[in-house]
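Below, each chain spelled out in residue letters.
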Amino acid sequence: MRNNKFLITICLLTIVSFCNAQPVGFKALQNASEVKASIEKTVSAVSSIESDFIQNQYMTALAEQMTMKGHFWFKKENKLRWQYTQPMQYQIIMNGSKMWMKDEQRVNEFNISSNRMFGEINDIMTSCLQGSIFKKTDKFKISFYENSKQFMVLLVPLKKDMKGFLKNIELYINKKDYSVEKLKMVEPSGDYTSIAFQNKKTNHEIPDSRFRPD
Amino acid sequence: MKFRIAGFALISIFLITSCIPAAYRHLSRETIPKTQRTEFPVIFPDTFTKAVYRTSLSFFGNSLSGISFIKKMPDSSYRVVFTNEMGIKFFDLAFCGKNFKVMYCMPKLNRKIVIKLLRNDLQMLFTDKFEGEKAEKYADSVYRFRYKSNKNYYHLIGDEHQPTKIIFARNAKVKVKTTILYHDNFPEMFIFEHQQMKISIKFQKMEL
Numbered sequence: 001m002r003n004n005k006f007l008i009t010i011c012l013l014t015i016v017s018f019c020n021a022q023p024v025g026f027k028a029l030q031n032a033s034e035v036k037a038s039i040e041k042t043v044s045a046v047s048s049i050e051s052d053f054i055q056n057q058y059m060t061a062l063a064e065q066m067t068m069k070g071h072f073w074f075k076k077e078n079k080l081r082w083q084y085t086q087p088m089q090y091q092i093i094m095n096g097s098k099m100w101m102k103d104e105q106r107v108n109e110f111n112i113s114s115n116r117m118f119g120e121i122n123d124i125m126t127s128c129l130q131g132s133i134f135k136k137t138d139k140f141k142i143s144f145y146e147n148s149k150q151f152m153v154l155l156v157p158l159k160k161d162m163k164g165f166l167k168n169i170e171l172y173i174n175k176k177d178y179s180v181e182k183l184k185m186v187e188p189s190g191d192y193t194s195i196a197f198q199n200k201k202t203n204h205e206i207p208d209s210r211f212r213p214d
Numbered sequence: 001m002k003f004r005i006a007g008f009a010l011i012s013i014f015l016i017t018s019c020i021p022a023a024y025r026h027l028s029r030e031t032i033p034k035t036q037r038t039e040f041p042v043i044f045p046d047t048f049t050k051a052v053y054r055t056s057l058s059f060f061g062n063s064l065s066g067i068s069f070i071k072k073m074p075d076s077s078y079r080v081v082f083t084n085e086m087g088i089k090f091f092d093l094a095f096c097g098k099n100f101k102v103m104y105c106m107p108k109l110n111r112k113i114v115i116k117l118l119r120n121d122l123q124m125l126f127t128d129k130f131e132g133e134k135a136e137k138y139a140d141s142v143y144r145f146r147y148k149s150n151k152n153y154y155h156l157i158g159d160e161h162q163p164t165k166i167i168f169a170r171n172a173k174v175k176v177k178t179t180i181l182y183h184d185n186f187p188e189m190f191i192f193e194h195q196q197m198k199i200s201i202k203f204q205k206m207e208l
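Chain order of the listed sequences is A and B. FYI, in my numbering the residues of the first sequence are 1 to 214. FYI, in my numbering the residues of the second sequence are 1 to 208.
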């Protein structure tokens, strides 16, 4: 009798953990390695991206949401520019090992290695955009899901440092052109920030000067 | 005997005046009677519900910048959530009267000195009563609040209800200068400048 109860508990826990692992509205991808290869091939042919973005930050404890908007540029290799335009003017620029943050009053310059958190985020972003994220199996447990319109790549940090501030990252990829449509960073508390990319243009000329502060 | 009395008086005067930062020693002083006791002012008005501030923290040459959400919760406590621009949270702090709780702190920043500093600086914005306080009026625009012991003082400049400068002194040494700018009676900007450490924290209200 005691054994039966133990088995039922184990079964229930397995079902519950399986349900938790499956993102709502998505199912596990059967042909993950095939899709992964297609995404890597397509994304590796992208040399530059320019798009608008909408960032939504949700804080569960405060029941508050904040929306920010801006423009985004990416250029191979390792060049990123986030230009926030609403509700504030702010630039985050990453270019190789250098990083600048500029507000209305001043520009701060850092080495990315000295700002590890932004360094990690930069690394994740560029890896997603350059198609090398799937190789980061030392940093993330990677699982693939799909619905009718999107693939969803779930990245769960393995390293203690990152686990302290990040529960997981969800990458939403368009099934037609394999481009990243949305990125969601979920914190251990359940608070999250999602960044949706709109009006994308790929492989057009972006001057290197764009990746330095104005 | 006379020398002893004179010596005692001199030492007493020295001890009393040494507790007062030099800038206020020349001012005449009047203790506010208990019946007219001025309470330590709450910087945020009663009508306050929430606000968002651009925030920068400079700490011994390191800097953090981001956005702070300050919200008055249904139980009248205040929550301060400080995140970077991309939404990753640095701190989530709760203030309720003189009580304080760290709801979250990014592990890399979770140091006693950092938490103590944030608690002491921010608590003066949200606390209306300090234990063992004694109010004294120096001049029309300078109020002094004794806090905890004779060694800790808050000097308020401006108005006892809406100070524009708060100077925190311990053992007659100025520790923190806080400057507050208001717009329509609402705190638009506040800056904490630590005088004996290279630390400053700035909050600038954002219009959403």
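These aren't lab readings, by the way, just hints derived from the structure by calculation. Bear in mind the structure is a predicted one, so any value in this text is a computation, not a measurement. Beta carbons: idealized from backbone N, C-alpha and C, even for Gly. Among these hints, one or two may not hold up.
Said to hold, decoys possible - Sample of chain B residues at the chain A side, in silico, Cβ under 7 Å:
hint, residue
1, 71
2, 89
3, 102
4, 106
5, 187
6, 191
7, 206
Said to hold, decoys possible - Sample of chain B residues with no beta-carbon within 10 Å of chain A, all distances over it, derived:
hint, residue
8, 63
9, 84
10, 159
11, 193
Contradicted hints - numbers only: 3, 5, 6, 8, 9
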